[in-house]
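In case you want the letters, here they are:
Protein chains: 2
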Amino acid sequence: MKKAREAASFDTHELTCLIYGGEQTVQQRRVAFERVERALGTRDTSILPRCYGNMNRDEAYDEGLEVGRVTFEDGRHHNHDFFLESTPRGMIANASPFGLVRFLFEPAIQYCGNEEQKAKWLPLSRAGKILGTYCQTELGHGTFVRGLETTATFDQTADEFVIHSPTLSSTKFWPGGLGFSTTHTVVMARLMIGTNDHGPHLFIVQLRSTEDGMPLPGIKLGDVGLKMAYNGTDNGFACFELVRIPRSNMLMGHVTVSRDGAYSAIPGHAVLSYSTMLLGRVRIARITAFQLAQATTIAVRYSTVREQGVGPDSSGPNETRIISYRSQHFRLLTLVAKAYATLFASRKCDADHTKLRVQQESGEHSMLPYMHSLSAGMKAWATSDAADGAEDARKCCGGHGFLMISGLPEIVASITAAATFEGENYVLWQQVGRYLLKCVDALKAGQKLHPDMVYLNDGNGVSASCKAQRTQFLGRGVQLSIYRHRAQRLVFSVHAAVRSSSMAPPDAWNYHMMAIISAARAHIEYIALQAFVTQLENLPASTTPALQLALNRLCSLFALSNLINPRSVDVLSFVEDGHLSSPQLDMIREQVNELLDALLPDAIALTDAWDFTDASLCSALGMADGNVYENIMRWVEQLPINQKAWKENSGVYEPGWTDSVDPILKAKL
Amino acid sequence: MKKAREAASFDTHELTCLIYGGEQTVQQRRVAFERVERALGTRDTSILPRCYGNMNRDEAYDEGLEVGRVTFEDGRHHNHDFFLESTPRGMIANASPFGLVRFLFEPAIQYCGNEEQKAKWLPLSRAGKILGTYCQTELGHGTFVRGLETTATFDQTADEFVIHSPTLSSTKFWPGGLGFSTTHTVVMARLMIGTNDHGPHLFIVQLRSTEDGMPLPGIKLGDVGLKMAYNGTDNGFACFELVRIPRSNMLMGHVTVSRDGAYSAIPGHAVLSYSTMLLGRVRIARITAFQLAQATTIAVRYSTVREQGVGPDSSGPNETRIISYRSQHFRLLTLVAKAYATLFASRKCDADHTKLRVQQESGEHSMLPYMHSLSAGMKAWATSDAADGAEDARKCCGGHGFLMISGLPEIVASITAAATFEGENYVLWQQVGRYLLKCVDALKAGQKLHPDMVYLNDGNGVSASCKAQRTQFLGRGVQLSIYRHRAQRLVFSVHAAVRSSSMAPPDAWNYHMMAIISAARAHIEYIALQAFVTQLENLPASTTPALQLALNRLCSLFALSNLINPRSVDVLSFVEDGHLSSPQLDMIREQVNELLDALLPDAIALTDAWDFTDASLCSALGMADGNVYENIMRWVEQLPINQKAWKENSGVYEPGWTDSVDPILKAKL
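As given, the protein sequences belong to chains A and B, one line each in that order.
Going by UniProt numbering, the first sequence runs without a break in its numbering and finishes at 669.
Going by UniProt numbering, the second sequence runs without a break in its numbering and finishes at 669.
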């Protein structure tokens with residue numbers, strides 16, 4: 001491992017600073033992790049982490065509560081930007097029972113409340129006097145919010161809203177911390193005034209007494225049980241039985257219900273109320289990059305020390321380090337590249353989101369449709385590719401990657417959840433598709449597009465073929481043009497098909513849905529590559545040539561490997577119109593082989609640079625020292641099931657032996 | 001659900017009989033499931049299954065022991081062929097602590113023992129007087145058996161072998177039931193006689209006393225801890241400290257060590273000793289079909305009752321059933337087709353394996369290389385595609401698919417394990433590749449090939465282009481020729497590249513590894529399609545035209561959707577040489593759309609036909625009644641964490657509230 005680490009062509013710390021945005025943040029982050037990990041007692045990784053011992057549902061939640069409390073309190077004192085990543089495994093905020101306080105509850109009030117409401121609720125929440133969650137999804141209803149059934153009926157006499165779950169399927173289901181940990185929530189419910197149904201709106205509802213935790217009258221709360229991951233939090237359900245809240249608890253930043261029941265709303269208020277989700281999606285894209293980086297860190301470290309078979313680098317008694325095998329480093333290095341690509345793409349989203357917020361502060365919302373599409377697409381792209389990728393990284397660790405103590409199953413399961421929550425990806429792709437078709441409509445009507453969409457106007461180029469040869473494929477212009485051409489071609493072709501269809505619009509949409517999703521994906525992949533390129537063009541002036549070279553190779557690997565990777569999604573569309581010929585594809589394969597050879601010595605440095613602590617990786621395979629087998633056996637020997645069998649019965653597991661094994665052996669036939 | 005069930009174009013029961021090989025087996029299987037499920041108390045699915053309540057490592061194993069004992073004892077009395085599938089979730093045998101007795105321990109003795117050994121050990125095992133497992137993998141060594149470190153040193157004086165684990169990395173690691181449940185094992189160890197290392201051989205070693213379960217002297221045994229799945233069994237580890245066994249415990253069917261230490265072996269004995277694994281791989285391919293079918297059954301049922309959004313079939317107050325969306329039924333129906341394709345492909349393997357066994361009984365082993373390659377490739381293809389597919393089916397269920405009570409996480413995790421165990425898939429693909437290159441060598445040397453490989457000789461057709469138009473793509477000949485052409489092209493092209501390379505052979509192999517894997521996959525996909533087609537050509541004469549039609553559509557969907565599915569693996573190779581043009585691909589897309597529309601009404605019937613009991617699916621989403629929300633909430637309300645909070649504290653979870661939530665709320669800042 002030491003040798004592999006020294007083989008790096010650049011200074012790892014320089015890259016770490018680039019990832020976290022400077023030396024100071026890197027140091028702050030390190031100190032914060034050390035502080036939290038010491039408080040939790042996880043810093044000494046020779047001790048089997050509690051989560052790998054005997055934990056059932058209750059105990060997993062008990063640990064989650066403790067982690068949540070320590071992290072929350074640390075965040076209260078230090079208020080670091082990376083709060084969201086400082087949970088033990090660097091997981092998304094909703095790994096903690098209190099994670100949605102900052103992630104969704106406060107943003108909902110911030111974005112959708114009026115000044116009075118912000119002044120009342122935000123200080124309470126920030127001080128931890130109340131602990132909030134966010135209730136949107138119902139047992140029977142997900143991303144399609146117009147289908148929600150929970151009602152908020154205005155009672156003019158009492159000047160109150162009555163929150164009610166009219167059916168089993170309207171049970172609020174899934175919100176993190178809802179089961180037992182939170183005291184308040186923002187509820188999305190259909191606003192009913194008299195006989196008018198005004199559709200989904202947001203309401204602050206107190207769930208429990210902040211004194212003794214008792215659920216308020218009419219509210220039934222519980223846990224949804226074991227999940228593939230996130231068992232440290234109590235994703236919960238809530239039934240509301242005619243629960244009354246004051247009129248002032250409706251979030252009235254964009255809509256108003258007056259004392260006499262008059263309803264008014266600014267145009268586009270429904271879309272504005274999704275701003276909370278929009279922020280959530282931007283953050284998910286960012287955190288996904290870190291999660292994928294964790295999976296690749298573990299897999300690259302394991303593959304660097306694991307030896308098997310006789311292959312390219314075997315000499316003397318040693319077998320080949322598995323990372324030397326082409327299939328192994330093809331898979332791992334393309335995933336390393338994807339983690340960086342996702343980080344850089346999320347930075348673009350962050351920057352655009354900041355622009356949007358500035359715009360919105362002055363009451364201007366024109367950027368919202370663009371930002372909605374961008375955040376939806378980036379979330380869908382980042383999470384679906386990272387979910388596939390993390391699982392492939394796990395498979396790269398063979399059998400040992402199937403052990404919970406590898407840390408990988410939990411990381412994979414966490415990422416794969418993100419493909420579903422905060423907007424199911426196939427629904428999000430369609431939202432991107434809808435925006436793209438509208439852009440083409442606008443283009444044809446001579447209207448102005450958002451600057452990032454102007455590329456669509458750059459000729460629709462259906463018949464153009466790529467002219468590049470050999471090393472020309474390393475040129476950024478060539479790479480971008482391949483992605484741009486595909487996006488243009490697919491967008492215009494599906495626009496023509498849908499708009500000229502003789503079917504009813506929902507049927508035409510459905511008939512062409514696969515093509516719509518393809519076009520959306522092609523657009524986002526182009527934007528993502530562009531973000532990577534932009535990032536490279538704007539590196540700090542002090543960046544060393546060695547690091548520049550490594551990052552440039554990584555960018556080319558990202559751009560080119562995607563074209564020829566057997567596991568790439570929707571790769572036919574790069575090729576089927578003849579834009580790239582068979583000899584050109586072989587040239588690209590050759591360039592990818594060269595890039596892999598060049599990047600292989602940097603594999604450890606490119607993953608070390610994310611600067612994950614051993615405690616946060618929580619993996620017997622992925623510790624920085626590379627002592628894989630010692631670390632596995634050290635933890636396995638501490639397993640309660642082994643300790644119990646060895647101590648009490650010198651190697652016999654009781655009562656299992658007596659109840660199940662012995663009766664078979666001694667059966668009278 | 002009833003309506004969807006009635007929409008079927010054929011008789012579901014007829015298809016069930018086709019799947020299980022006749023009415024009688026279907027009935028036997030039903031009776032066996034009922035008997036086992038009643039014995040286990042899982043038949044009443046209104047009760048929350050134990051595995052979804054509070055289970056830690058110990059309790060999961062305790063349940064596994066009970067399930068294992070009941071299943072083992074039922075199998076003892078009934079000895080049904082479908083023993084392997086009668087574990088509660090229809091999982092592979094190694095879900096049970098006693099599953100490897102029949103799956104690997106007995107076959108190892110059967111295939112590699114001499115007559116005397118078979119006569120001694122097999123009756124003991126069949127009577128359950130001993131319980132065996134199979135120890136091959138070590139902590140530091142997997143599929144590459146030549147790297148194993150465990151030694152079996154011949155002590156001529158004592159006429160014994162000394163089994164020893166010389167290093168930490170030589171610890172036997174992973175065998176099912178090894179931790180605490182089994183009494184004997186077959187161990188693969190390097191045979192050492194004097195200074196000679198004869199490489200890996202097989203030895204029967206007693207692990208524990210059959211009287212009291214105590215590990216025998218010098219043997220340390222334990223559990224490897226929590227895994228992604230299979231927690232009902234104790235995958236374990238074993239260290240051997242100079243453990244002595246009689247010489248007669250070495251399996252001597254193909255090799256002999258005489259009293260005076262003389263070693264003799266029949267040619268190819270090393271390969272013959274893998275016969276056990278070969279059978280294992282054939283069975284895995286078969287069981288994978290059932291597991292994928294379980295995942296699709298749950299996802300299709302859920303998608304049939306889940307409504308969301310306004311789409312093609314929404315009318316009045318109802319939202320659209322999500323299965324009506326193109327992206328949803330594209331994903332689900334292609335997976336349904338793949339489950340059938342996998343079943344039919346595994347039948348071909350079964351048949352060839354039977355031929356091989358007959359051949360081998362008369363001392364003839366010429367079919368072994370072919371069968372080795374076929375079983376390796378089918379195992380790799382079936383498990384990798386099914387792992388991706390089951391996870392996609394899980395994602396089709398949105399958030400609820402992330403709940404453990406959906407049953408899907410366990411199914412997905414079980415299948416994904418199979419991509420690694422009994423031969424890691426990327427290693428297996430290379431074994432297929434090696435065989436393919438040897439076939440081309442043989443062809444060029446004018447030698448005879450196995451009948452299934454003769455197609456390679458059918459012109460290498462690199463430049464041929466497909467002439468089919470529109471509905472001609474539904475022709476079996478056209479479909480087969482597309483797959484055949486790809487396989488031929490890739491095999492010959494990589495053969496030329498590897499054989500003409502100027503690099504050292506291991507380096508040339510490594511450089512072209514991605515192309516080798518592509519060729520292997522293309523070959524197996526051709527064989528799999530051929531198996532589906534053969535199956536259709538040989539349906540029982542009594543098969544109704546309605547069922548024939550449905551199966552024919554399914555076969556075409558399998559063949560054609562793979563060409564244009566955005567998630568297909570390695571799809572570029574169908575197209576990049578111009579074999580299929582862009583207009584032809586659009587025609588194929590159109591045919592796929594037509595097939596999907598035709599098959600959609602049969603979705604429930606095609607999954608019902610696998611005849612899974614509700615108890616064996618163990619899924620709140622996938623019960624036959626389709627009452628998804630009622631079933632979810634019925635189980636969620638029974639969760640111990642909820643029962644505890646509701647009963648003792650009227651809705652407050654203690655001590656979590658007092659220890660973690662309250663301190664945050666009451667913090668003095």
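Among these hints, one or two may not hold up.
Intra- or inter-copy, both count: the list cannot distinguish identical chains.
[Unchecked claim] Below, in silico cross-link-like pairs of lysine to any residue (SDA-like), each with a Cα-Cα straight-line distance of 25 Å or less:
#1 Lys3 x Asp313
#2 Lys444 x Pro601
#3 Lys438 x Glu149
#4 Lys120 x Ser501
#5 Lys2 x Leu168
The set of hints was computed from the structure by calculation and includes no laboratory data.
Going down the list of hints, with the structure as the test:
| no. | hint | in the structure |
| --- | --- | --- |
| 1 | Lys3 x Asp313 | within (14 Å within a copy, 62 Å between copies) |
| 2 | Lys444 x Pro601 | neither (50 Å within a copy, 40 Å between copies) |
| 3 | Lys438 x Glu149 | neither (30 Å within a copy, 64 Å between copies) |
| 4 | Lys120 x Ser501 | neither (52 Å within a copy, 74 Å between copies) |
| 5 | Lys2 x Leu168 | between (58 Å within a copy, 21 Å between copies) |
Against the hints set out earlier in the document, violations occur for numbers 2, 3, 4.
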